[in-house]
Amino acid sequence: MQSFGLIHVEFLAWAALWTVGLSLIAFVGGGLLGFVVALARVSGSLAVRAAAIVYIQVVQGTPLLILLFLIYFGVAVAGFSGVPAILAAGAGLTVYSSGFLAEIWRGCIQSVPKTQWEAAECLALTRWQRMTRVILPQALRMATAPTVGFLVQIVKNTSLASVVGFVELSQAGKLINNSIFEPFTIFVTVALFYFALCFPLSTWSRSLERKLNVSRR
Amino acid sequence: MSSTLSPVVSLSNVHKSFGALKVLDGVSFDVGVGEVAAIIGQSGSGKSTALRCINALETIQQGTIHVCGHAIHDPALDRRTLRRDVGIVFQSYNLFPHLTVEQNIMLAPTCVKALSKAEARDLAREVLSHVGLEAKADQYPEQLSGGQQQRVAIARSLAMRPKLMLFDEVTSALDPQLTGEVLKVMETLAREGMTMILVTHEMAFARKVASKVVYMHQGRVWETGTGAMLDDPQTPELRAFIGNGL
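Order-wise, the sequence lines are chains F and A. Take 50 as the starting number for the first sequence in our numbering and just add one per residue. Take 53 as the starting number for the second sequence in our numbering and just add one per residue.
Derived from the structure by calculation, the hints contain no laboratory data. Hints may contain errors.
Within a straight-line C-alpha distance of at most 30 Å, the following computed DSBU-like cross-link-like pairs (lysine-lysine) qualify [said to hold, decoys possible]:
| # | chain 1 | residue 1 | chain 2 | residue 2 |
| --- | --- | --- | --- | --- |
| 1 | F | K163 | A | K74 |
| 2 | A | K215 | A | K236 |
| 3 | F | K163 | A | K165 |
| 4 | A | K264 | A | K236 |
| 5 | A | K260 | A | K215 |
| 6 | F | K223 | F | K163 |
| 7 | A | K165 | A | K215 |
| 8 | A | K215 | F | K163 |
| 9 | F | K163 | F | K205 |
| 10 | A | K215 | A | K264 |
| 11 | A | K74 | A | K165 |
| 12 | F | K163 | A | K169 |
Working from the sequences, and respecting the hints, build out all of it.
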C-alpha cells in the first residue's frame with residue numbers, strides 16, 4: 050500500500066481550489082440574496098418585513114447539512130434528477146449565507162443613527178435615495194469587517210458539501226483515507242489547508258475593523 | 053392687503069401625546085411671511101416637539117397645522133412636497149459623514165430637483181459663501197468645528213430654496229464663540245426676509261432678531277409677543293424663566 054506523499058498533497062490542493070470556488074459561489078450568491086433580504090428586513094411594509102424575518106429564522110434555524118439534503122433531494126423529487134453536485138451544494142450554501150449575511154447587514158443598516166434618516170427625509174429625498182445615498186454607504190463601512198469574518202464560516206462550512214457528493218477539501222481527504230488509511234496525517238494536512246485559507250481572512254477582517262473604526266464615523 | 057395675507061405657518065389647538073405623556077396641550081400660533089418666530093421655554097415644555105410637528109416629523113392627535121399651504125394634520129399629506137418648501141436644521145447638525153461639505157449640499161438638489169452636477173456645484177458654492185465657508189467645500193464634516201458644521205447644515209437647507217426654515221436648538225451644542233458665528237448667519241437670513249421659526253435658549257438673540265416670541269410652558273403657549281415681551285413678562289412663569297435663563 051502506498052503511503053501519504055506529494056501526490057496526495059497535490060490532490061488536496063486541487064480539491065482546495067473547489068473549496069475556494071464553492072466559497073465564492075456561496076459568498077456572491079448569498080451576498081446578492083442576503084442584500085435583498087436585508088433590505089426587506091428594514092422595509093417600510095410590515096408584510097415584507099415579516100416575510101424577511103420568517104426567511105431568516107427558517108434559514109438560521111436549519112442545520113446546513115439538512116439544507117443541503119433538502120435542496121439535493123428536493124430538486125430530484127421535483128423531477129430534475131441528476132442535479133450536478135456543485136449546483137446543489139452552491140444553492141444550499143447560498144441560502145445558508147444569505148440568511149446570516151442578511152442579519153449582519155440588517156444590524157449595520159439599523160446602527161446608522163436615526164437622525165441620519167431624519168436629515169435625509171427632511172431634504173425631501175425618496176426612501177430609495179435615503180437608503181442608497183445616505184444609509185447604505187455608512188452601513189457598508191460598518192459591515193465590511195463582520196462580512197469578511199463571516200467568509201471564514203463559509204469556507205469552513207463548504208466541508209459539508211461532501212454529503213451531496215461534491216469533492217472539495219474534506220471529501221478529498223476522505224477519499225485519500227479510504228485508499229491509504231492514514232487518517233491522522235491526512236486530516237492534519239486537510240486542517241492545515243483550511244487554516245491557510247481562513248487565517249488570512251480573519252487577519253484581514255481584524256485589520257479592517259481597526260482601520261474602519263478609527264477613521265471617520 | 054397685508055392683513056388678509058394668510059400666514060406661512062398656522063397651528064390651531066394642536067394636541068400631541070407620547071403614550072400617556074401629554075406634550076402639546078392645545079397649542080395655537082401663527083407665523084407670517086418674513087417673520088422670525090422664537091419659541092422659548094424650559095426643557096420639556098414641548099417647544100421642540102411643536103417644531104417637529106410643523107415639519108411632520110411627529111404626527112399630532114388633534115388640531116390643525118397649515119404650513120406653506122400644506123395641511124400637515126391631513127393623513128394624506130405628501131411629506132416630500134412639504135419638505136421641498138421647509139428646511140430644518142438640527143441641534144446635532146446631522147451632516148452626512150461620508151460626504152464632503154460640497155457633496156452634502158449637492159445631494160438634495162441633484163436627487164430632488166434634478167439639477168446637473170455643475171449647476172448643483174455652483175449652487176453649493178453660492179450657499180457656502182452665504183455662510184462664509186467656501187474654503188471648506190472639499191472637507192469632510194469631521195474636519196470642521198461644531199460651528200462650521202452647523203453653518204454647513206444651514207447651507208445644505210438653503211440650497212433647497214425653502215420658503216420656511218426651522219431651527220431646533222441649533223446652538224445648544226456649541227460654545228459661546230461658535231454660537232456667535234452661527235447666530236450671525238441666522239441674523240443675516242432674517243434680515244434677508246427668510247421666514248424662520250427657531251427653538252432657542254439664546255434670549256438675547258430672540259430679543260434682538262425675533263419679530264415674535266412664543267413662550268411655551270407645560271405644553272401650552274403661555275405668552276406671546278414681540279421681543280420686548282422679554283423685558284416685561286406678564287406671567288410669573290415667564291418672569292421666573294427669564295430670571296433663571298439670564
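For this session: Of all the hints given earlier, name the ones this structure violates by number, lowest first.
Result: 6, 9, 11
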